[in-house]
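Participant: Spelled out from the first residue to the last, the chains are:
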Amino acid sequence: MNPFQQIWDFIVYIFTLGGNFDWSIVGHYLFNSFILKGVWLTLLLAVISQVTGSIIGLFLALFKDPRFVVTASPPFDRIIKGLLWPLRLFADFYIWLFRGTPLLVQLIIIYNVFPFFHLTVDSFTAAFLALSLNEGAYMAEIIRAGIGSVDTGQMEAAKSLGMTYGQAMRRIVLPQAFRVIIPPLGNEFNSMMKNTSLAAVISLLELFGTVEQFAAAIFASLELFFVACVWYLLLTTLWSLVQRQLERRFNTSKQVKWIQPPWWQRLIGGRRPALALPQSNQ
Amino acid sequence: MEDVPFPHTSSDEPDHTRDAPFSDRSETAYADTIRQSPLATTDQEAPLVSPEAIEQHPGVPMVQAEDVHKRFGSTEVLRGVSMTVQRGEKIVIIGPSGSGKTTFLRCINHLEKIQGGRILVDGQLVGYREEKGGKIVEDSERNIARMRAQIGMVFQRFNLFPHLTALENVIEAPTKVLRVPKARASERAHELLGKVGLADKVNNYPNALSGGQQQRVAIARALAMNPKLMLFDEATSALDPELVGEVLKVMRQLAEEGMTMVVVTHEMGFAREVADRVIFMDQGSIVEAGPPNDIFNNPGHERTQSFLRMIL
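Which chain is which? The protein sequence lines are A and B, in order. Take any residue in the first sequence, count from 1 to its spot, add 73: that is its number in our numbering. Take any residue in the second sequence, count from 1 to its spot, add 41: that is its number in our numbering.
Next comes chain A alone, as it looks inside the complex (with noise of 0.2 Å):
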């Protein structure tokens, strides 16, 4: 036998595990419709439990803000300014509860906890649920963070041009820490995708549940859990993609306005951005 052959031997035994893989398998149920309905289900809860999250965040972040006030007419303004302080007390609960126990231990509790309260839910809403309860958590945490990069003198500003609060956090001080808060973000987002497979044990047809119910029918694990690799692994690097565009059109620091066309003219590339030049009006 010529080296070549040997080592082409040798190469097919290893990714063969010496004939205990079956890539035909692989290649079998790759495009499955139960295998992409499993990922497009992982796709969707990803996606609203970190919209929710992040919502639930912002909030949470808000709260625990020093400068947090409730523009209210009076006598309701003193009312809320004594209703703030167990409002920061609950949201550093919320925090500590949801960052101190597992993700897996918050989902099963959560699924098991509707039947005492004579209600039913469906796997697909516990997931939900926990999944953006737990990534309140955490996403209050970072949007701190990028509240608090923003320079004080914005707010400041912003107030003593007669701004409320409210209205200084949305136009002045969030967008500017949105660019802060994209890298953590896209990070919490890559998580979310993949603990989206922790909803198999509460019998969630996602991705890993859906390959786990094929693994366990045909008693080929190994190379349905390599599909599930494939898949996982396509959905975070599209998304490390998007984050990458997200962050650059963020960071870049724009000298001059420039006048888009409209998007649809935008989108079949038609014209170029223009200048914007001051019209001489006199």
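Don't take each hint at face value.
[To be verified] Straight line, CA to CA, 25 Å or less: simulated DSS-like cross-link-like pairs of lysine-lysine: (1) Lys-154/A to Lys-173/B; (2) Lys-217/B to Lys-330/A; (3) Lys-173/B to Lys-154/B; (4) Lys-154/A to Lys-154/B; (5) Lys-327/A to Lys-217/B; (6) Lys-154/A to Lys-137/A; (7) Lys-154/A to Lys-176/B; (8) Lys-176/B to Lys-154/B; (9) Lys-330/A to Lys-223/B; (10) Lys-267/A to Lys-110/A; (11) Lys-154/B to Lys-137/A; (12) Lys-327/A to Lys-223/B.
No wet-lab data here; the hints were simulated from the structure.
Position chain B against the provided structure of chain A, taking the given hints into account.
Facilitator: Below, chain B without anything else, positioned relative to chain A:
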């Protein structure tokens, strides 16, 4: 304007003056401001200040501080500061660092809370209101914002909004706070930026502007709200010396047009030329006050003399 009732500090009285709540301020009110003011013309000589900003409750001082006390933790920063600023007066506050002059300025528009005394701007209590029974409590966010909208402030570090162009910086507050339609606000913003000499930089972002240009945009931004009082917190201290002049020029123009100004600065030349009164503060209290000639040429107090010796 003759029958102006003495201004109350209670906030349940309906307000019939220009300081009416924003919901009463119709779209046309701001537009009328522009139509009536000389700015409606394209005259280069037209003023920065709209006349409407100047006519308020005549006879009532613009700023009245009564025995203001302020602490930061356990350190007392303002120890009983009392002063009055008349309408159209230009006050310059000088003093060593740590004297409380910047803190006092920030108390005027309630960027800092006070622990004692009162501050009234155009007859209205700032940041606080009187409840039934005479108790003074902190005012609601909305009322404070309303008061602040009538007071313009220019900061040492400019504090321009970096994610907005110069034009957008200037129209941000009028459109969002006063709910002026964007076209009107843009028109006014173009005029103001032209008056401060930045007509060709309206679409530049702050990071493309020099310090002096940024500060001039900040002044235009404050003026876009038609304030009746302008506060300057060491507006030129963070600028390179050659850029200081252009900002002082705008401040001087503002002063000439009759804006009430309270300026904290180290620019003694500016104080000498522009101030109606100079106030020297040290360690949280007013040491001496008077016309610039008196203070600079004949300082009475020992501390004033030693401070001026160091500066001049």
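Participant: Are the hints correct? Go through all of them and say.
Facilitator: Now for the hints, and whether the structure bears them out:
Between the alpha carbons of Lys-154/A and Lys-173/B the distance comes to roughly 19 Å, so the proposed pair stays at or under 25 Å and holds. Distance check on the hinted pair: Lys-217/B and Lys-330/A sit about 21 Å apart at the alpha-carbon level, within 25 Å; holds. Proposed proximity of Lys-173/B and Lys-154/B is supported: the alpha carbons are some 21 Å apart, at most 25 Å. Between the alpha carbons of Lys-154/A and Lys-154/B the distance comes to roughly 16 Å, so the proposed pair stays at or under 25 Å and holds.
Proximity of Lys-327/A to Lys-217/B is assessed by CA-CA distance (about 24 Å); at most 25 Å being required, the pair is judged to hold. The hinted pair formed by Lys-154/A and Lys-137/A meets the criterion: a straight-line CA distance of about 14 Å does not exceed 25 Å. Simply put, Lys-154/A and Lys-176/B have alpha-carbon atoms about 17 Å apart, close enough for the 25 Å limit, and the pair holds. Between Lys-176/B and Lys-154/B the alpha-carbon distance is near 16 Å, which keeps this suggested pair within the 25 Å criterion.
With a C-alpha separation of about 18 Å, the suggested pairing of Lys-330/A with Lys-223/B holds against the 25 Å cut-off. Between the alpha carbons of Lys-267/A and Lys-110/A the distance comes to roughly 16 Å, so the proposed pair stays at or under 25 Å and holds. Of the pairs offered as hints, the one joining Lys-154/B and Lys-137/A holds, with about 20 Å between alpha carbons and a cut-off of 25 Å not exceeded. Restraint check for Lys-327/A and Lys-223/B: the C-alpha separation of about 23 Å stays at or below 25 Å, so the hint holds.
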